[in-house]
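Following the hints, position chain Z against chain Y.
One-letter residues, chain by chain:
2 protein chains.
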Amino acid sequence: MATVVGNELKHIKTLLTKKGRKAHRQFVAEGVRVLEEAIRHGARPEVVYCADSMLSERGGEVAQSFALAGVPVKRLSARQEKGIADAATSQGILAVFASPEGTPAELCRPSIRKILLCENIADPGNLGTLIRSAAAFDFPLVCLSGACAEPYSPKVVRSTAGAIFAVKVAVADTDEIHALIRGRSMTLIAADGTGESDPPELADMVNTGTSVLAIGSEAEGLSGDWLHAADLVVRLEHEPAVESLNAAIAGSILMKRIYDLTHEGTS
Amino acid sequence: MATVVGNELKHIKTLLTKKGRKAHRQFVAEGVRVLEEAIRHGARPEVVYCADSMLSERGGEVAQSFALAGVPVKRLSARQEKGIADAATSQGILAVFASPEGTPAELCRPSIRKILLCENIADPGNLGTLIRSAAAFDFPLVCLSGACAEPYSPKVVRSTAGAIFAVKVAVADTDEIHALIRGRSMTLIAADGTGESDPPELADMVNTGTSVLAIGSEAEGLSGDWLHAADLVVRLEHEPAVESLNAAIAGSILMKRIYDLTHEGTS
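In the order they appear, the protein sequences are chains Y and Z.
Taking the working numbering, the leading residue of the first sequence gets 1, the next gets one more, and so forth.
Taking the working numbering, the leading residue of the second sequence gets 1, the next gets one more, and so forth.
Hints were generated in silico from the structure; no laboratory data involved.
Because the structure is a prediction, the values reported are computed rather than measured.
Some hints could be false.
Unchecked claim - Here are the simulated lysine to aspartate or glutamate pairs, EDC-like style, with alpha carbons at most 20 Å apart: (1) Y/168 to Z/243; (2) Z/168 to Y/239; (3) Z/168 to Z/101; (4) Y/168 to Z/239; (5) Y/168 to Y/106; (6) Z/155 to Y/123; (7) Y/155 to Z/123; (8) Y/168 to Y/46; (9) Y/18 to Y/46; (10) Z/168 to Y/243; (11) Z/19 to Z/101; (12) Y/18 to Y/8.
Isolated chain Y, as found in the complex (with noise of 0.2 Å):
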């Protein structure tokens, strides 16, 4: 393995800014867990690094798998690894990746029938976790629309545990994804206080084309661009105890719930 020098260690750390992570188009994924799905799910970085003595043996072969696809494999100190992990317990290894782009058009393929829409989702855990809900859900594109987080910033890359490599994201204006909805007939769905409670038509809707749901945050909830839009508004139904409830923790619910109606019958 080659060694790194400090050119490329303050590379990486550059990539851990965003003005970073947008002048080069690259991200940086770390831990064994996240580079594992990585690799499940076919994401290949340009390059990886590893601290050997941080490494756990599932991390060694984490980057044997790499090397052994051509993925060219550093070598860092543990002093470097730590002085560039973003990750208060870092594992001893990451990856480099290039920034996948595209507009909402250009990454909705014709076979997707269920697209997550986030307005306004600042905190990076809770998109982290819708995307990663998205990917457990059959929603294989995110389109992050208003003052979202930044999807790969390293705390939206943890947290969604390494499904960022499953699904696609778009980051759109409204006008775009609005374009992308009448274009090609899509349904949209907004999740928001003011709807009903599991209406009785969402079933029709989610197994006729192809549906959007639409998520906004929890201080603000769905602008008027989105409301006023909605083929169908949707509220969950809760105890008054609470407000409201978390916007990763609510999306993720209507999530699974329309993955329940267009999967009944086929478990």
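Structure of chain Z alone, referenced to chain Y:
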């Protein structure tokens, strides 16, 4: 309003540590929304601290409500407040509460029909979110077993969005919780990947007597202690694209499912 001296500041800072909270049996809750929820659920702080220059109108109303209820409200300078606030964006108001205490048996009123049991939920954000969902879906008692995050730490309190004041939380050892379940003939439902997806007997179970829903950590799942004692093991169906769901998501989806099963025909 009285102003605050150094010793008092030092005491508040002590409560931001686990050791301090344990020694003094007190905790700190910060921010307008969390304290509005405290008011709504009748939780009475021992002291409230405000930095007037940082306080929004809503924050001022919260301080006034406490003052009218006879709670001492003391003034901090913005600098003092910033020195002790845990959240990145302080809202100029925090309050000290006595930590509620009690065994699961003491806290479990006979009217309680649903209990959430968390084992080894170490991430404060996940634990706080589970407590928030427990309040939303009518699980008025949350029992913590094993290596859970500390329920009155600032991060957990913040993640509950004030729901910490809406439910009872019992930190207990496995034996105490088993004794409660056996002693009162409760049904134990375990969430685990080895279980059955949406088992038909779930509806009858949760509508008869008191049910305990047990959730384990993402990495390890539930321990044999709970899995072997379970009356029913439930799995959440999802795509193989992800290995597992976030623990707070899995727990919340199951709480919502049980909530719906116990409220069918009543909404």
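Status of each hint after checking the structure:
1. Y/168 to Z/243: Distance of about 18 Å is within 20 Å: holds.
2. Z/168 to Y/239: Roughly 16 Å between the alpha carbons, so the hint for residue 168 of chain Z and residue 239 of chain Y holds.
3. Z/168 to Z/101: Status holds; Cα separation ~9 Å.
4. Y/168 to Z/239: Holds, at about 16 Å.
5. Y/168 to Y/106: The hint holds at about 10 Å.
6. Z/155 to Y/123: Roughly 14 Å between the alpha carbons, so the hint for residue 155 of chain Z and residue 123 of chain Y holds.
7. Y/155 to Z/123: The given pair, whose Cα atoms are some 14 Å apart, holds under the 20 Å limit.
8. Y/168 to Y/46: Since the Cα atoms of residue 168 of chain Y and residue 46 of chain Y sit roughly 19 Å apart, the hinted pair holds (cutoff 20 Å).
9. Y/18 to Y/46: 19 Å, holds
10. Z/168 to Y/243: At roughly 18 Å apart (the allowed maximum being 20 Å), residue 243 of chain Y and residue 168 of chain Z satisfy the hint.
11. Z/19 to Z/101: Since the Cα atoms of residue 19 of chain Z and residue 101 of chain Z sit roughly 16 Å apart, the hinted pair holds (cutoff 20 Å).
12. Y/18 to Y/8: 18 Å, holds
Consistency note: the structure conflicts with none of the earlier hints.
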